[in-house]
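**Q** Here's the letter readout for the chains.
2 protein chains.
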Amino acid sequence: MNKGGMMLLIFTEDEIRDKVKINEETIHVIEEAFIDLAMKDVQMPPIMQVDIPEHNGGIDIKTAFIPGYEMLALKVSSGFFNNYRLGLPSTGGVVLLINVFNGQPEALLYDNGYLTDIRTATAGALAAKYLANDSCTKVGVIGAGAQARYQLMALKKVKSFTHVYIAGKSNRRLLDFKRMIESDLNVSAIICEDATEVAKHSELIITTTPATSPILQSEWIQQGTHITAIGSDAEHKNELDPYILEQATAYVCDVVAQCEVLGELRTALQAGTIQETKNILELGDIIANKKVVRESEDDITIADLTGTGIQDTKIALYAYQKLTEEK
Amino acid sequence: MNKGGMMLLIFTEDEIRDKVKINEETIHVIEEAFIDLAMKDVQMPPIMQVDIPEHNGGIDIKTAFIPGYEMLALKVSSGFFNNYRLGLPSTGGVVLLINVFNGQPEALLYDNGYLTDIRTATAGALAAKYLANDSCTKVGVIGAGAQARYQLMALKKVKSFTHVYIAGKSNRRLLDFKRMIESDLNVSAIICEDATEVAKHSELIITTTPATSPILQSEWIQQGTHITAIGSDAEHKNELDPYILEQATAYVCDVVAQCEVLGELRTALQAGTIQETKNILELGDIIANKKVVRESEDDITIADLTGTGIQDTKIALYAYQKLTEEK
Chain A
1 MNKGGMMLLI FTEDEIRDKV KINEETIHVI EEAFIDLAMK DVQMPPIMQV DIPEHNGGID
61 IKTAFIPGYE MLALKVSSGF FNNYRLGLPS TGGVVLLINV FNGQPEALLY DNGYLTDIRT
121 ATAGALAAKY LANDSCTKVG VIGAGAQARY QLMALKKVKS FTHVYIAGKS NRRLLDFKRM
181 IESDLNVSAI ICEDATEVAK HSELIITTTP ATSPILQSEW IQQGTHITAI GSDAEHKNEL
241 DPYILEQATA YVCDVVAQCE VLGELRTALQ AGTIQETKNI LELGDIIANK KVVRESEDDI
301 TIADLTGTGI QDTKIALYAY QKLTEEK
Chain B
1 MNKGGMMLLI FTEDEIRDKV KINEETIHVI EEAFIDLAMK DVQMPPIMQV DIPEHNGGID
61 IKTAFIPGYE MLALKVSSGF FNNYRLGLPS TGGVVLLINV FNGQPEALLY DNGYLTDIRT
121 ATAGALAAKY LANDSCTKVG VIGAGAQARY QLMALKKVKS FTHVYIAGKS NRRLLDFKRM
181 IESDLNVSAI ICEDATEVAK HSELIITTTP ATSPILQSEW IQQGTHITAI GSDAEHKNEL
241 DPYILEQATA YVCDVVAQCE VLGELRTALQ AGTIQETKNI LELGDIIANK KVVRESEDDI
301 TIADLTGTGI QDTKIALYAY QKLTEEK
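Chains A and B are the protein sequences, given in the same order.
Quick note: the first sequence uses our numbering, first residue 1, plus one each step.
Quick note: the second sequence uses our numbering, first residue 1, plus one each step.
The hints are simulated quantities; they were obtained by calculation from the structure and are not laboratory data.
One should not assume that every hint holds.
No distinction is drawn between identical chains; accordingly, a pair holds when it is met within one copy or between any pair of copies.
[What the hints assert, rightly or not] Computed cross-link-like contacts, SDA-like style, restricted to lysine to any residue with a CA-CA straight-line distance of at most 20 Å:
| no. | residue 1 | residue 2 |
| --- | --- | --- |
| 1 | LYS138 | ASN82 |
| 2 | LYS40 | ILE52 |
| 3 | LYS237 | GLU297 |
| 4 | LYS19 | VAL187 |
| 5 | LYS40 | ASP51 |
| 6 | LYS40 | GLY58 |
| 7 | LYS138 | ASP14 |
| 8 | LYS129 | GLN270 |
| 9 | LYS40 | GLU54 |
| 10 | LYS178 | THR277 |
| 11 | LYS40 | HIS55 |
| 12 | LYS290 | GLY145 |
| 13 | LYS156 | ASN102 |
| 14 | LYS129 | GLU25 |
| 15 | LYS40 | PRO53 |
| 16 | LYS129 | LEU175 |
| 17 | LYS169 | GLU25 |
| 18 | LYS138 | LEU185 |
| 19 | LYS129 | GLU282 |
So here's chain A without its partners, still in its complex pose:
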């Protein structure tokens, strides 16, 4: 678009969805994001947050500057949980790409949060790739929203699972969810009574809820389980009983400094089930330095993913490249 001397490329959600998919390429892009975070002198300021409780919503701003790239992304994401009353999706967002040589905005990716969904799902797949048992075929999912579906789509690229055990609040949503993943992923989906039953059957559990108190209890977790906790990304959110973090052989953060404020680590520190943060591993360090975390098939592992600005910059740069490469 060029309007009165302004040069800013603008891309819509449809255009972005057309070019950016959950596949080996985007998993690789996010894998590189974690490696860069561990290895490069990345600048990733604390997340900027505005809470708007009067409208049951909030806005997050994330960014990261990775040396060696021409642009950085400034990612705005919103979650407004009364939006269903307005016929609007709860989550939204937009990404601004800014040139790091001169500060000029280069592109606006009007993705309504789609790129956030992709970079979150692919990070979940990476957590499973590096932490879960190779052999796992039975996956549990708590929460039946769009992100749960994206998580399974990404996981399918790294794990050959055959059965999905699901639990959630709305029966109608669970039925839709079952139908969609059975047709998309060629798996059997089993709707469970509750999270206890999900945990009993699953070798890998993904939690993708906006819960503010634990939805998984430590006594339910089977030996050998890997858990990826996606839901908690704000100071009031919490999905895991803090004793699960104590019980786990390995607890891994995307970024410790974020997880201790926004993730499962926050309640575990409060409960004293984790006493100090200095030895906690980060996913990027594990990937970059080929650290082996799982030492036995019986180990319980946890990945606490709060979502990082470097994932946003990487996926936006990838989207920009795909969107402009034919021009």
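For chain A, the structure is supplied; the task is to place chain B on it using the hints.
**A** What follows is chain B alone, placed relative to chain A:
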């Protein structure tokens, strides 16, 4: 603009410049911003900053949510000081207006930093209005960039000054500056040897430089002077000798929490010329609560302005209103 289901109003710098000027209206808008900051339950998160020293630049993100308004602004501003080599202005920026009921982006004000210039200049005028002697006719300016000119344009709306004493690094720029303000503002502009001479002649001094060490020394400051320090808005910047803050009868911040990190207060705290921050006045408090700061014509007063997200939200809402009111 409506592109593939996307509804986002986009306004260019030219359109914005046409509707938003330095005048009584914009001064009033920014006065309200300071009052809201003092009186309302405003949410203004810490400034998000990315420094890009390899390209002599950086990006700032500011925001504020003011209860009662339909939108908030997310303001991105950039300063890249090698841009002159590329034939680009050093500063730039863009403002995103986001609906606070549903999180949807409503408008993009592609202003290249113009609204930041306006809200900064009008804040300077307000500092002078509430802190400087009413009678002052002689104004000093250190730095001869665009913001210095905007400061004088805004100041002219609140003070009937007749003489401007200027100093700066580039003679050519000073000559241009003199020509412009003499023709725009009907004042006499006197180019001084240095800042010492400026201080000797001035009753009100505005500093608008990117200095990283003091450009005004305490022994130069005349009794009765008011100083508005605009330049320091980053952790490495500093325009005032910290002893000026000790010498002053009143030192006023836009926001204490910002000035102690980004403003003149930072070096004064380091030097020990200010020992504690708890009794420091904020400009909004003075305006809202009609506090009289200047008790005598001989008082020395200082306003330390780092720039606030609430100014950005207010000026963006005003611009949006002006830009859409005829449609």
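**Q** State the violated hints by number, sorted upward, taking the hints as numbered earlier in the document.
**A** 1, 3, 4, 7, 8, 10, 12, 13, 16 and 17
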